[in-house]
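There are 2 protein chains.
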Amino acid sequence: MSGWLEAVRWNAEGLVPVVAQEAAPPHRVLMLAWMNREALARTVATGRAVYWSRSRGRLWAKGERSGHVQRVREIRLDCDGDTLLLLVEQEGLACHTGRRSCFYRRLEGDAWAEAEPVARDPRAIYGEQDGEVSGDGG
Amino acid sequence: MSGWLEAVRWNAEGLVPVVAQEAAPPHRVLMLAWMNREALARTVATGRAVYWSRSRGRLWAKGERSGHVQRVREIRLDCDGDTLLLLVEQEGLACHTGRRSCFYRRLEGDAWAEAEPVARDPRAIYGEQDGEVSGDGG
Numbered sequence: 002m003s004g005w006l007e008a009v010r011w012n013a014e015g016l017v018p019v020v021a022q023e024a025a026p027p028h029r030v031l032m033l034a035w036m037n038r039e040a041l042a043r044t045v046a047t048g049r050a051v052y053w054s055r056s057r058g059r060l061w062a063k064g065e066r067s068g069h070v071q072r073v074r075e076i077r078l079d080c081d082g083d084t085l086l087l088l089v090e091q092e093g094l095a096c097h098t099g100r101r102s103c104f105y106r107r108l109e110g111d112a113w114a115e116a117e118p119v120a121r122d123p124r125a126i127y128g129e130q131d132g133e134v135s136g137d138g139g
Numbered sequence: 002m003s004g005w006l007e008a009v010r011w012n013a014e015g016l017v018p019v020v021a022q023e024a025a026p027p028h029r030v031l032m033l034a035w036m037n038r039e040a041l042a043r044t045v046a047t048g049r050a051v052y053w054s055r056s057r058g059r060l061w062a063k064g065e066r067s068g069h070v071q072r073v074r075e076i077r078l079d080c081d082g083d084t085l086l087l088l089v090e091q092e093g094l095a096c097h098t099g100r101r102s103c104f105y106r107r108l109e110g111d112a113w114a115e116a117e118p119v120a121r122d123p124r125a126i127y128g129e130q131d132g133e134v135s136g137d138g139g
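Protein chains in written order, with the working numbering: chain L, 2 to 139; chain B, 2 to 139.
Keep in mind that the hints were calculated from the coordinates and are not lab data. A portion of the hints provided could be inaccurate.
[What the hints assert, rightly or not] In silico contact screen, one side only, chain L against chain B (beta carbon under 7 Å); selected entries:
| no. | residue |
| --- | --- |
| 1 | TRP11 |
| 2 | LEU16 |
| 3 | PRO18 |
| 4 | VAL20 |
| 5 | GLN22 |
| 6 | LEU33 |
| 7 | THR84 |
| 8 | GLU92 |
| 9 | CYS96 |
| 10 | ARG107 |
| 11 | GLU109 |
| 12 | ASP111 |
| 13 | ALA112 |
| 14 | TYR127 |
[Claimed, not checked] Part of the chain B face toward chain L, derived, beta carbon under 10 Å:
| no. | residue |
| --- | --- |
| 15 | VAL9 |
| 16 | PRO27 |
| 17 | ASP81 |
| 18 | LEU86 |
| 19 | ALA116 |
[Unchecked claim] Where chain L lies over chain B, by a calculated footprint (3+ residues, C-beta under 8 Å):
| no. | region |
| --- | --- |
| 20 | 73-80 |
| 21 | 98-107 |
For each residue, glycine too, the CB sits at the ideal point set by N, CA and C.
Just chain L, with the same shape it has in the complex (with noise of 0.2 Å):
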C-alpha cells in the first residue's frame, strides 16, 4: 500500500468524504460522495473521479451511466488528513436530477427553495431507469 494513500485518515468503514469542486471559475460546489482507498486509487490512475457507493457498496465511476465524468485536475487533503477535495473539470451535469450541482436548494425564509434549474430533463440523461444516484453517492 502506498505512503500517499495512507496518509489519509480512512475512518472506521475504511471511507472519508470528497467534496467535488470546479476547477474552473465559478468554482462551484457540485457534489459531496465518499471513496475508500481503491476509489481514490483508481482516481489517480485514470484521472477520472471514481467514488465509492454507500448504498450500493460497489465502486462508482462518476458518469459511467450517463457520461458526465469528471476529469480531476488536482486532488488535495485537509489538515485532519480526514477529508477530500477534488477540483475538476465537469463533463455534463453533475446532478443526477439533472442540474449541473447537487446543491440546487437554498434555505429562504424556513423553507428550501429550489435556486437552480433542471438544466437537462433526468429521463434523457438516463432514461426511464433510476438515475445515477450523485450526492452521496447512491
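Position chain B against the provided structure of chain L, taking the given hints into account.
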C-alpha cells in the same frame, strides 16, 4: 421542530457533513465540518457558522477562540438532503494551522505537498494552547 430542519437527512448520529466555501471569488473551499440540528438552528439564528465537534462532543462556534468567524451568506442543501454547503465570508483564516483553507495539501506524484503557506503562526492566533481544531471539527 421546524420542517426545514427535518428536510435534512441527518445520519444515525444525528449529523450531516457541511462544506464551507467562500461566497466571493476565488470561492475557495475552506473546510468540511459537521452539524447536528442545534448547530444548524444556531447558525441560522445567529448568521454565523456553528458546528458540532465530534471529538469534543459539543457545539463549536467557529472562531470562538480565534475570532475567525464565518458570516453565513447562504445555506444550500444537496439533492439527497444529506450534505450542507455554507457560502461564507471568512474572517481571518479558516484553518487552525494558520492557513486560509484547510485543504492546503496537494497530491504531487506519490506525495502530499504543501500547496499553501502558513499565513499566520497559529501560536499568535491561539497562544500556546492547542489550536482551535478545524477540518473535521475536532
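A quick look at each hint next to the structure:
1. TRP11: violated (13 Å)
2. LEU16: violated (12 Å)
3. PRO18: Nearest chain B Cβ about 5 Å off; hint holds.
4. VAL20: holds (5 Å)
5. GLN22: holds (6 Å)
6. LEU33: Result: holds, 4 Å to nearest chain B Cβ.
7. THR84: Holds, about 4 Å.
8. GLU92: violated (18 Å)
9. CYS96: holds (5 Å)
10. ARG107: Hint holds; L/ARG107 Cβ to chain B Cβ min 6 Å, cut 7 Å.
11. GLU109: Given a least distance of 9 Å, the restraint on L/GLU109 is violated.
12. ASP111: holds (5 Å)
13. ALA112: holds (6 Å)
14. TYR127: violated (14 Å)
15. VAL9: Holds: closest Cβ of chain L sits about 9 Å from B/VAL9, inside 10 Å.
16. PRO27: At 7 Å from the nearest chain L Cβ, B/PRO27 passes the 10 Å test, so the hint holds.
17. ASP81: Since the shortest Cβ distance to chain L is 3 Å, the answer is holds.
18. LEU86: holds (4 Å)
19. ALA116: With a minimum Cβ separation of about 7 Å from chain L (threshold 10 Å), the hint on B/ALA116 holds.
20. 73-80: Result for this restraint: holds, n = 6.
21. 98-107: holds (count 7)
Violated hints, listed in ascending order, are 1, 2, 8, 11 and 14; each of the other numbered hints is respected by the structure.
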